[in-house]
Structures are given as C-alpha cells and as structure tokens.
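S.K.: Line order of the protein sequences matches chains A and B. The first sequence begins at 0 in numbering that gives the first Met the number 0 and counts up by one. The second sequence begins at 0 in numbering that gives the first Met the number 0 and counts up by one.
These aren't lab readings, by the way, just hints derived from the structure by calculation.
If you want the footprint, here are the derived chain B segments under chain A, 3+ residues with CB under 8 Å:
1. 17 to 25
2. 147 to 159
Per the computed footprint, the stretches of chain B lying under chain A, defined by three or more beta-carbons under 8 Å from a beta-carbon of chain A, are:
3. 33 to 42
4. 98 to 109
5. 114 to 122
6. 211 to 217
7. 231 to 237
8. 250 to 257
Positions of the beta carbon are idealized from the N, C-alpha and C atoms, including for glycine.
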Amino acid sequence: MSEPLALSSGSEAPSATDGARTLPSLTASLRRSRTLTEALTAWTLAGPAVFFLLVLFFLPVIGVFVIALTDWQFGARTLSFVGLANFREAFADGGFRTSLFNTVIYVLIVVPGTLVLGLVIALLIESGKSCRPFYRAIHFLPFMATMTAMAIAWEALLHPTIGLVNQTLAAIGLPTANWLRDENTALPVLAVIGIWQNLGYAMILFLAGLKSIPKDLYDAADVDGADLWLDRLCTVTLPMLGPVSMFVVIVVALRAFECFDTVKVLTQGGPGHASEVLLYTLYRESFEYLRTGYGAAIAVVFLAIVVTLTLVQTRVMDRKVHYQ
Amino acid sequence: MSFITSANFLWRPAAILRHAVLIVTGALILAPFVWMVSLSIRPPGEIFRASFTFWPAQFYGVENYTKALTQAPLPRSMGNGLIVCSLILALQILVCAPCAYALAKLRFPGRDLLFGMVLIGLLLPHQVLSLPLFILGYQLGILNTYAALVFPYVVSPFGIFLFRQFFKTIPDDVIHAARLDGLSELTIVWKIMMPMALPAILAFSIFSVVGHWNDLFWPLIAVQDRSLMPPPLGIMAFMNEEAGNDYGPLMAASTLVVLPLLVAFLAAQRWFVEGLTRGGIK
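Please model the entire structure based on the sequences and the hints provided.
M.R.: Here is the structure:
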C-alpha cells in the first residue's frame with residue numbers, strides 16, 4: 000500500500016548519480032530497512048501493552064494454575080505441591096458442591112427469566128411508535144446502576160416488616176416471608192434481582208435484533224396468509240431472532256455466573272449455605288480464610304466454566320456471521 | 000397497505016395493552032429506585048410505620064442527606080471513585096491506543112501472536128486473576144493504596160480490541176499523508192487517529208467508567224482504609240457500621256452513589272447503550 004510511494008521517493012536520488020545496476024539492490028535494502036523500522040516502531044508502540052498483558056493477565060493465569068496445585072496458605076513461608084488434592088477436596092467438600100449447585104440453579108433461573116422478559120418487553124416496545132425511548136431508558140436503568148447500592152435498596156424493599164414487598168402482599172392477603180433469611184427463598188430472590196438487573200440488557204440486544212429483520216420477510220409472510228400478529232411472530236420474528244437469542248443466553252449466563260455483589264451485601268451466602276455462589280466462595284476461601292491453594296483451585300473451576308461458555312459464544316457468533 | 004389497515008384496526012386495544020403492560024413492567028423496574036429515594040427523605044419514625052405513600056408526612060431529607068455526607072463519609076468515597084476511574088481510563092487509553100494502532104495499521108512479525116494475546120485476555124474473567132494480582136500487589140507493597148485499585152486495569156484487552164476495530168476503518172491515505180508531513184508514528188496515533196476515533200473512545204470510556212465505578216470485588220480485596228474506599232465499598236462499610244438500622248441516611252447514601260451514572264445515562268443514552276452493550280459482546 001505504501002510501497003509505490005516509498006519506491007519512487009527512494010529510487011529517484013540514487014538513479015541520478017549511480018548506474019542502473021545498483022538500483023535494485025539499493026531499493027531492496029531500503030525496503031528491508033523499512034520493514035525493520037516498521038517492525039521496530041510497531042513493537043515500541045505495542046510495548047507497554049505487551050508488558051502489562053504479560054504481567055497482569057498471562058503470568059497471573061499461570062500463577063493460578065500453579066498455586067492450585069499447592070497447599071499454600073497466604074503468609075505461610077513453606078508450601079508443597081499436592082497435585083490435584085485441592086480439586087479432589089473441592090469436589091468432595093459439601094460446601095463447594097453446594098456453591099456450584101446454587102450457582103447453576105441461580106443461572107438456570109436468571110437466564111430464562113431474563114431471556115423471556117427481555118424479549119417480551121422488546122417486542123412490546125417495537126410494536127408501537129410512541130414512547131419508545133422512554134420505555135427503553137426505564138428498563139435499561141438497573142443494568143448500569145451501582146449494584147451494591149441497589150442491593151441495599153432491595154434489602155429495604157424485602158425487609159420482613161417494613162419492606163414494600165411484604166406490605167403489598169399483606170395488603171392483598173397473600174402470605175409474607177423473611178425473604179433473605181429463609182433457606183427456601185434466599186437464592187430465588189437473589190435470582191429475581193439478577194433478572195431485574197439484566198433484562199434491560201437483553202431487551203437492548205433484542206431491539207437491535209428486531210431492527211435487523213428485513214421488512215420484505217413480513218411482506219412475504221403476508222402473501223403466505225400469515226396476517227395475524229401471532230402468525231407473523233411465529234413464522235418470521237422468532238425464527239429470525241434465533242441467533243440473537245442464543246447470544247443473549249450465553250452473555251447473560253456469563254453475567255449470572257459472575258454474580259457476587261448482591262450475595263456479598265444481602266446474604267453473605269446464608270442462611271446456612273443456601274445462597275453461596277461460586278464467586279462468593281472463591282472470595283471467602285481466598286481472601287477471608289486465606290486458603291490460597293484451595294481458592295486458586297476454585298478459580299480454575301470458575302475459569303473453566305467461563306472459558307467454555309465464551310468459546311461456545313464465539314462459535315455461535317461465527318455461525319451467525321456465516322448465516323448472514 | 001396491509002400495514003396501514005392492520006394498524007388502524009388494531010390501534011386502540013393493542014396500543015392500550017402495549018402501554019399498560021410496559022407501564023406495569025416499568026413501574027416494577029423502577030420500584031427499588033423509588034423506594035430508595037422515598038426512604039431517604041423519611042424520618043426514622045416514619046420508616047418503621049407501614050405506609051404506601053412516596054412522600055413522608057415530615058420531610059427529613061436534609062437530615063438524612065447531611066448524615067450520609069458527613070458520617071458515611073460519602074464525599075470522600077465519591078472522590079476516590081472519581082480519582083480511580085479517571086486514572087484507570089487515562090492509563091488504559093494511553094497504553095491501549097498505540098498498541099491498537101500497531102495492530103490495525105502496521106505490518107510486523109508477531110502481529111498475529113499479539114492479537115491472539117489480546118483475544119485470550121478478553122476471555123479471562125478478572126476475578127480469576129485476583130489471587131495472583133493480590134500477591135503481586137503485596138510483593139510490590141502497594142496494597143491499601145490508590146495504586147492497588149488501579150494497577151490491575153492498566154491495560155484493557157477490550158480497549159485494544161475496540162480501538163483496533165475502529166482504526167481499521169480509517170483509510171490508509173490519511174496515515175500516508177501524515178507521514179509525508181513528517182509526523183512520527185506516535186504523533187499520528189494521538190493527533191490523527193484519536194480525534195477520528197472519538198466514537199470508539201466515548202463508548203470505551205463509558206464501558207470503563209461504569210464498570211469501575213460499580214466494581215465491588217477488587218476494591219474489597221485491595222483496600223481496607225476507609226479513606227481509600229470507592230463508592231460501593233464505602234456504602235457497604237457504612238451499612239455494616241450502622242447495622243442496617245438507620246435506613247434514612249443509608250438510602251440517602253445509596254441514592255447519591257447511583258445518581259451520577261443515572262444522570263449521565265439520561266443525558267447521553269445512546270452512548271451508554273452503545274458502550275455497555277458492545278462491552279458485553281467484547
């Protein structure tokens with residue numbers, strides 16, 4: 000791309016003095032030094048980023064794997080390699096198994112809930128012309144609000160005696176509960192908060208997906224006699240939203256697996272271990288109990304889950320690109 | 000044609016239903032915000048009395064917000080949040096933009112390897128790295144300082160990725176012209192590419208600032224001093240201190256922490272949606 004320019008400017012000066020014989024070798028060496036300069040410039044420009052990527056991402060990842068194979072406790076002077084003992088302990092340990100199980104339950108509530116509500120709200124917003132930005136903004140608010148602060152608001156909302164939730168339920172004659180202190184409700188309530196937080200995000204992705212459906216598909220559906228709203232939804236809209244939905248599922252699942260703030264503020268994993276999730280266990284083992292080796296093993300399990308999901312996501316994205 | 004007739008036919012019931020459902024879901028979404036603000040202006044006596052009214056009989060906002068600002072100490076936390084977020088963002092742009100330029104516009108051996116590193120970096124959740132980063136911070140002796148809050152985020156793989164994508168759309172001719180004018184590559188990055196990449200910078204800035212303003216996980220690990228806590232950690236400490244009983248000031252503090260981002264969001268909705276959704280997609 001830059002070759003012609005560089006060639007002409009490089010070849011003019013020597014051609015005036017030297018004969019034609021030295022010209023090719025001269026331009027060749029000129030070009031070689033140019034590529035060398037370019038490589039040098041590139042690595043200089045990228046240098047700081049490369050350094051920090053190595054120190055802040057790659058070494059730590061290797062570190063996590065190594066630490067996971069030791070019995071090290073933070074602050075201890077000695078450590079020994081224990082192989083996969085930490086992983087064996089984790090999977091034999093009721094606490095970790097509960098945590099993993101809770102996380103899966105949490106994800107299994109949050110993902111479908113977010114998907115369905117996000118889709119319904121997106122369809123409703125898109126089905127009319129009025130107040131679109133208004134509804135979109137309102138439903139998107141929780142996604143960017145500081146979750147720690149909103150968790151405190153949720154705690155007040157769910158307060159057993161003065162909370163709005165129980166007041167409302169009592170007023171219409173439904174049974175109330177101590178939502179965050181009851182083993183049976185703590186995790187589902189956290190999942191509802193998770194849905195509350197993420198559905199605006201799903202909605203935005205679905206709105207973008209709806210915009211990209213070609214209008215002539217609806218015309219074709221009309222010709223085929225699908226003129227009822229429900230027919231058009233089932234024959235055109237939903238199938239065309241397939242790739243987006245798949246994408247929403249994975250992105251929301253990733254966010255749900257990373258649930259931490261609400262657990263830390265609202266339940267601390269309790270009552271008992273009823274709302275203990277993976278990231279909270281990771282935090283507690285690593286930084287409260289300082290069981291570094293064991294914490295690292297949990298981090299490795301967490302990493303495996305997240306990487307698997309992300310790789311599935313990339314596959315889905317690739318297929319979506321081919322599909323279009 | 001069919002669109003118009005069906006629109007006419009369906010307008011009244013369908014449109015009313017649409018508004019009805021969206022107003023209900025919208026109200027449910029807003030409930031925690033409204034309840035938070037409502038409690039933040041109530042006196043202690045009214046908080047523990049069951050009522051559905053938003054506005055209290057006795058306005059107690061001044062007392063609650065004063066208490067949040069003086070006892071929490073919220074101004075300090077929010078100042079910390081501002082310092083940490085700006086430092087992180089400035090360093091990220093400083094480190095990521097030149098690298099992204101090299102990846103987008105220069106040809107050099109190892110380029111694919113470097114891009115591969117960026118993609119792997121995108122894949123790694125930060126919480127997994129927290130243990131080694133904690134140890135690194137400990138070895139460097141910077142735990143419990145501003146540096147501890149900032150250093151893990153100096154480079155952002157997502158930033159490099161986003162800037163690279165954007166730089167690739169800028170025509171090479173622009174760069175050739177700049178080179179002929181005798182500009183160095185670094186000058187090209189800052190004087191030519193960055194002004195043209197403003198949309199990408201804005202989207203990335205929102206992604207970065209929202210993420211780090213809201214982050215609880217890493218600050219919880221990195222700092223203990225009350226004077227260093229960013230907003231989420233600050234209100235959590237305030238909550239634990241007050242044993243969660245003094246709801247008024249606590250809700251006032253929460254409102255104040257959420258407010259800056261909400262106002263910014265309402266002022267620049269499109270950019271927020273752009274920045275945050277692209278961020279999730281990575």
